[in-house]
Amino acid sequence: EPEVTQTPSHQVTQMGQEVILRCVPISNHLYFYWYRQILGQKVEFLVSFYNNEISEKSEIFDDQFSVERPDGSNFTLKIRSTKLEDSAMYFCASSEEWSQYFGPGTRLLVL
Amino acid sequence: DAKTTQPPSMDCAEGRAANLPCNHSTISGNEYVYWYRQIHSQGPQYIIHGLKNNETNEMASLIITEDRKSSTLILPHATLRDTAVYYCIAPLKRGAQKLVFGQGTRLTINP
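Sequence lines, in order, name chains H and C. Under our numbering, the residue at position 70 of the first sequence is numbered 70, and the numbers go up by one with no gaps. Plus 111 on top of the position in the second sequence (first one is 1) and you've got our numbering.
Okay, chain H solo, but in the shape it has when bound (with noise of 0.2 Å):
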């Protein structure tokens, strides 16, 4: 069964540092996102991505964070200069046009 991988599986960083988050979403799908969870909270909505550029970002999603479709099978998120308070689970999904299908999600951890 097709499914969305992630990589890395932790990642831990200085503050100020940039980070790039890598996903793989399933083969034939057209729409991409991000989530966070920071530890103990909700999964919360970052972006959303379909057709080469943002359709929809939510106020967490500041200049500090990009995403990029740079080829036919990878979606990155980038963080220019990570905070602490960015440290979370980060999860990305993508979809066909009904369901989401999430991935493991990559541990990030700022210091």
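The hints are simulated quantities; they were obtained by calculation from the structure and are not laboratory data. Remember, it's a predicted structure, so these values are computed and weren't measured experimentally. Please note: incorrect hints may appear among the correct ones.
Covered, in the sense of this in silico footprint (three residues per stretch, anywhere, with C-beta under 8 Å from a C-beta of chain H), are these stretches of chain C [stated by the list, open to error]:
#1 147-153
#2 168-181
#3 208-221
Using N, Cα and C, we set each Cβ at its ideal position, and we do this for glycine too.
Using the hints provided, position chain C relative to the given structure of chain H.
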């Protein structure tokens, strides 16, 4: 977004049917109801969705009341692996839309 209301927690014995209720009284006629679950810190997992008619798949059944103000997710023979937080999310229209996760119902399956 239409708000959904779910009980914070439920228990169910292994092998029995788990019935998880959700109220979505502000849902409109063309808005779908989706169910997801999150097992521990894994990525949310799609379970099922519906509009008006009852739906069944290999994971669960979804019963939607005729007035569409509430629904019940049924796991027919719960196993220990079904212990998770279950989220009822509405509305979702066709096409890409963000998922807004509430607190969900923490379902514990007891041996």
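Quick rundown of the hints versus the structure:
Only residues whose beta carbon comes within less than 8 Å of a beta carbon in chain H count, and the segment 147-153 of chain C has 3; three or more means the coverage holds. For the segment 168-181 of chain C, the stated coverage by chain H is violated: 0 residues have a C-beta nearer than 8 Å to a C-beta of that chain, whereas at least 3 were required. Counting residues of the segment 208-221 of chain C whose beta-carbon sits less than 8 Å from any beta-carbon of chain H gives 7, enough to reach three: the coverage restraint holds.
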